[in-house]
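Residue numbers (my numbering), protein chains in the order written: chain F, 1 to 77; chain V, 1 to 77; chain S, 1 to 77; chain C, 1 to 77; chain W, 1 to 77; chain G, 1 to 77.
A few of these clues could be false.
Said to hold, decoys possible - No farther apart than 20 Å at their CA atoms in a straight line, the calculated lysine to any residue pairs in the SDA-like style are these:
id: 1; chain 1: V; residue 1: Lys9; chain 2: F; residue 2: Thr13
id: 2; chain 1: C; residue 1: Lys9; chain 2: S; residue 2: Gln67
id: 3; chain 1: C; residue 1: Lys9; chain 2: C; residue 2: Ile24
id: 4; chain 1: W; residue 1: Lys4; chain 2: W; residue 2: Arg43
Said to hold, decoys possible - These stretches of chain V come out as covered by chain S in the derived footprint (C-beta under 8 Å, 3 or more residues):
id: 5; segment: 6-14
id: 6; segment: 35-41
These aren't lab readings, by the way, just hints derived from the structure by calculation.
We treat Cβ as the ideally placed atom computed from N, Cα and C, and that holds for glycine.
Here's the letter readout for the chains.
Number of protein chains: 6
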Amino acid sequence: MEQKEIWLKSLITESPQEGYELAIQLSRMEVKSTQPDIEVLKRLRTDYANSASGLTAASHVIALNFQTISAANGYWR
Amino acid sequence: MEQKEIWLKSLITESPQEGYELAIQLSRMEVKSTQPDIEVLKRLRTDYANSASGLTAASHVIALNFQTISAANGYWR
Amino acid sequence: MEQKEIWLKSLITESPQEGYELAIQLSRMEVKSTQPDIEVLKRLRTDYANSASGLTAASHVIALNFQTISAANGYWR
Amino acid sequence: MEQKEIWLKSLITESPQEGYELAIQLSRMEVKSTQPDIEVLKRLRTDYANSASGLTAASHVIALNFQTISAANGYWR
Amino acid sequence: MEQKEIWLKSLITESPQEGYELAIQLSRMEVKSTQPDIEVLKRLRTDYANSASGLTAASHVIALNFQTISAANGYWR
Amino acid sequence: MEQKEIWLKSLITESPQEGYELAIQLSRMEVKSTQPDIEVLKRLRTDYANSASGLTAASHVIALNFQTISAANGYWR
Chain F
1 MEQKEIWLKS
11 LITESPQEGY
21 ELAIQLSRME
31 VKSTQPDIEV
41 LKRLRTDYAN
51 SASGLTAASH
61 VIALNFQTIS
71 AANGYWR
Chain V
1 MEQKEIWLKS
11 LITESPQEGY
21 ELAIQLSRME
31 VKSTQPDIEV
41 LKRLRTDYAN
51 SASGLTAASH
61 VIALNFQTIS
71 AANGYWR
Chain S
1 MEQKEIWLKS
11 LITESPQEGY
21 ELAIQLSRME
31 VKSTQPDIEV
41 LKRLRTDYAN
51 SASGLTAASH
61 VIALNFQTIS
71 AANGYWR
Chain C
1 MEQKEIWLKS
11 LITESPQEGY
21 ELAIQLSRME
31 VKSTQPDIEV
41 LKRLRTDYAN
51 SASGLTAASH
61 VIALNFQTIS
71 AANGYWR
Chain W
1 MEQKEIWLKS
11 LITESPQEGY
21 ELAIQLSRME
31 VKSTQPDIEV
41 LKRLRTDYAN
51 SASGLTAASH
61 VIALNFQTIS
71 AANGYWR
Chain G
1 MEQKEIWLKS
11 LITESPQEGY
21 ELAIQLSRME
31 VKSTQPDIEV
41 LKRLRTDYAN
51 SASGLTAASH
61 VIALNFQTIS
71 AANGYWR
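The following block holds chain F by itself, in its conformation from the complex:
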């Protein structure tokens, strides 16, 4: 975050699926904010993507972000 890049302009998306994709992007940023080193991230990604509990924990965070984004969009009703 040395250079201020705008990566999150809005929580509003055109469709539920785009909202879901934003939830995934948010989840990745949340990890990157804690561990900015891409090489470390790649190694750890292999760890959790091959562990049942790691995958479930990662999907939990996506589900929470999706809940936030769904509310933001009035659930695309």
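Assemble chains V, S, C, W and G onto chain F, guided by the hints.
Below, chains V, S, C, W and G alone, put in the same frame as chain F:
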């Protein structure tokens, strides 16, 4: 996600039970988005479906998605 | 889920306690959806019902489902 | 739950602190619903009440129930 | 809780930061309600305050309580 | 917290991304409130920033704080 397939058109369902089924579908997609390799997923699925803590963690994610979908549907009142 | 049995007709219940019982039913279905084999479920149930962390994790899912159902019922006010 | 005892009449309480006490009662019922054997519960309680992670996990469930009860009471505003 | 001391009069606070401090107080009470023995608590506190996963789990509970208190205060808008 | 420094003036931010940055700041404060010793924090940070499960748990707390802040801001609609 190479080819953009629309798998999430709406959070609105006809009934609570269909909402529940959508919650399960969402939970599976959240896992698949992190680990797209079907063979790995199958192996890991055996892991967590046979572990008490794995099963509970998986059901936690389903419950969270069901909360989102229930709110989206005005709780089918 | 081969034969479509309707087990979740409504989130609306007569009383908070019935809402609580529905939360427990939901929590069990969420586990069963991931592991449909009743024999495996029975064995795992013994595992987590005799482990402090397993029990707490299970009660966490019940609490989340109860939150959803309470909101659905306008908190029975 | 053989005999239907009414233990949860309402989510509405007089004050925040009574709401907090109801959250604790709910958390205990959620555990008891999964493990009804009082002797086992007593033994496990000693386990988690003497473990940092067990205590934190238990307090997480109380916090979630307190969130539900607080919303039910319009936050006692 | 032998003598009924009123420690939670209201969820309403003057400012976000006071709300945050109440969230911390609530989190501590939630632990104390499960383990009232101050000596045990002190020992366990050393455990989790020196463990990465223990600290993260504790901060998760604070974040949940802060969510409840923020909603109670209409987010101090 | 010996000297009362005001670090949380408002949950309201100009944009979603500033809200996200506030969520990260909150998450760090929640850890610091439990473990104020900066040297210990630095050491533990290395632990969880290099562990897949530690990183996911940390990002979970950020996601929860972001949900609170997003609601506070009416989702910047």
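Hints versus structure:
Distance check on the hinted pair: Lys9 of chain V and Thr13 of chain F sit about 13 Å apart at the alpha-carbon level, within 20 Å; holds. Of the supplied pair hints, the one linking Lys9 of chain C and Gln67 of chain S holds, its CA atoms being roughly 16 Å apart against a limit of 20 Å. For the suggested pair Lys9 of chain C and Ile24 of chain C, the alpha carbons sit about 15 Å apart, so the restraint of at most 20 Å is met. For the suggested pair Lys4 of chain W and Arg43 of chain W, the alpha carbons sit about 26 Å apart, so the restraint of at most 20 Å is broken.
Closer than 8 Å: that is the beta-carbon criterion, and the segment 6-14 of chain V has 0 residues meeting it against chain S, so the requirement of 3 is violated. Counting residues of the segment 35-41 of chain V whose C-beta lies closer than 8 Å to any C-beta of chain S gives 0; at least three are required, and the coverage claim is violated.
Hints 4, 5 and 6 from the earlier list are contradicted by this structure; the remaining hints agree with it.
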